[in-house]
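Visitor: From first to last, the protein sequence lines are chains A and B.
Every number in the numbering used here is 758 more than the matching position in the first sequence, counting from 1.
Every number in the numbering used here is 758 more than the matching position in the second sequence, counting from 1.
Simulated from the structure, these hints should not be mistaken for laboratory data.
Note that the structure is a prediction, hence the values are computed from the model and not measured.
Hints may contain errors.
Because identical chains cannot be distinguished in the list, a pair is counted as satisfied if it fits within a single copy or across any two copies.
As the list claims (entries may be wrong) - Here are the simulated SDA-like pairs of lysine to any residue, each with C-alpha atoms no more than 20 Å apart in a straight line:
| hint | residue 1 | residue 2 |
| --- | --- | --- |
| 1 | Lys767 | Lys1092 |
| 2 | Lys786 | Ala798 |
| 3 | Lys801 | Asp781 |
| 4 | Lys996 | Leu769 |
| 5 | Lys767 | Thr914 |
| 6 | Lys1020 | Pro822 |
Protein chains: 2
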Amino acid sequence: MQLKELGEKPLIDILGKKFSKADPRVLKGIGDDCAAVLPARGKALLSSTDTLTEEVHFSLTYSPPKLLGRKLVNISVSDIAAMGGTPLFILLALTMPATIGEDFVSELYRGVEEACGENATILIGGNLSSTAGESPIVLTSVVLGEVSESEMICRTGAAPGESIYITGSPGEAALGLIGLQSDGPSAITRSPYRNSVARHLDPKPRTKIARTIARKGLATSMMDTSDGLASDLAALAKASNIGAMVKTTLIPISPEMKTYLKDNSLGLDVPLCGGEDYELLFTAREENKEDIERLAGQSGIPITRIGTTEPRDESSKTGNVRFIQNDGKELELKNKGFDHYK
Amino acid sequence: MQLKELGEKPLIDILGKKFSKADPRVLKGIGDDCAAVLPARGKALLSSTDTLTEEVHFSLTYSPPKLLGRKLVNISVSDIAAMGGTPLFILLALTMPATIGEDFVSELYRGVEEACGENATILIGGNLSSTAGESPIVLTSVVLGEVSESEMICRTGAAPGESIYITGSPGEAALGLIGLQSDGPSAITRSPYRNSVARHLDPKPRTKIARTIARKGLATSMMDTSDGLASDLAALAKASNIGAMVKTTLIPISPEMKTYLKDNSLGLDVPLCGGEDYELLFTAREENKEDIERLAGQSGIPITRIGTTEPRDESSKTGNVRFIQNDGKELELKNKGFDHYK
């Protein structure tokens, strides 16, 4: 059955029932003009929105709709994590052709439901609208969350002389995309890069470890990596009005990335410029080094110190982020990360 | 200049500067992973999202981009009004081809800025993403607002035996669209339906009058009319588990609609089924009749009693909403309002 046979309002009814959840903080969920929730006393309200567009962020030829639903929720939740907050509520604005199959929609929402459950978030509202038959699907998620003002971590808090840390190994999602683009959906199970494929299709927001970093006050600035490490670090440095020096030998390279780099005799463009990792990038003072190492051990999530912050150097030809190689020379990247309009 | 020459990040920088506004409730606006605001103590947080899709909701052949920006904000604000709330913050998720002109974008944001100013709302964040060159523009707005729990008006509160009221004259936006589709942009100044054209291109949310209705407790249920009066009233009746009887002779018909109906010898399909009015539809008890009439006089916004609520009649062939004509017979509508997937 296609959406045009089901209709918008019956679909909203189905979603209203599927996602209705007794929760003392939700006064009104799906089905009214607005959702109404009770914010926690004394906390800051966090909000963010993200969009996944067909043929830009995903392709129906290789993105299973359930994973798309999971990713739609998880990439927004990742923004809350990046501020040190707790995600609470989700709204989804979906623009789809009326010819799309009901099975696509139900799988998508199955993924949404799963991810909402894993993140302890509740889908409270959204919007459904149509688009012409051949137009791309555009999926927008909105997340609301909260954080104590004293625990909130922004991009603006870094100072020179601090350490730069990342979770995970950068570029894995981009490597996964390379696998999917070369082998199609079979890459999910058979690609030499299948762990990376999983990172592209089903990223996991680092909410728990980010909350610990925030609660313990371990970071001076933080963001999630969605546009590629080089580009994201430049954004963080710019927001904090500092410079950043990364030692390329310190950058963690996943086993699959090692294989890829060896087979393709490429430089570090994929790990440094590949987007959609949704890992954490943060800065911390020397005094927090041991706590951060302990946190990595306890959580099982690798946290790696990759460099240090510096005073901003306006004369730098590469902006204010330098990648220094083993020989002491600066690495020149061909690509500076994803820009939607470039 | 096209967006692809400007780039996503420079555009975000421009927007961050344009919309940065010192406000004690905004801790973080545009430029971080999330926006962070301080919710008011003891109030419910309202949230809603709406999408305007090219060739479904608007056409670049006749929609001036500034008015599109205004509409994008105003239709979300209208959802807050419909709950009796106060709009506060806006986020925008825009999906546009990289080939779009910078002038389109700057005009769009000029409209956003105007509407934010008129509604005393602040743009605090959003997302920019690209889409293929020929794909439709998809514009999503998110609004956050607040209301005292005791003043919140939902769709679910109506009971049988109450009066049904609407603000304005229904179907004006749909008539405006008919004018635009027949005469193109010249309809804005020269169409016989130019007031209706203005209603389509530049709807005004009924925030102020809705706040008064909420503060004074005048309505038992309320919503805004976006899918057409017949469809919206059916949704309200369903949510409240009641029926509704509307006398067609009571429906306010604007002078332009009168001309249109006479020239086209049509029934009431345009006024009853035309969408995008963003007027208020509400129910009220007899005891509030005089206060409502006084409010209409004071505000200058027409409020008309068009019928009464009834017990739900499951056997009704027209769902649970009846439009009764002067001769006592039930009106059969060809069209029951807009469904995105039908």
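Visitor: Confirm or reject each hint.
Guide: Verification of the supplied hints:
1. Lys767 to Lys1092: This pair counts as between: shortest inter-copy Cα distance 18 Å, intra-copy 49 Å.
2. Lys786 to Ala798: Intra 16 Å, inter 18 Å, cutoff 20 Å: intra and inter.
3. Lys801 to Asp781: Close inside one copy (19 Å) and across copies (17 Å); limit 20 Å.
4. Lys996 to Leu769: The answer is between: 15 Å across copies meets 20 Å, while 44 Å in one copy does not.
5. Lys767 to Thr914: between (44 Å within a copy, 16 Å between copies)
6. Lys1020 to Pro822: Neither, since 30 Å and 53 Å both go past 20 Å.
The earlier numbered hint that this structure contradicts is number 6, and it is the only one.
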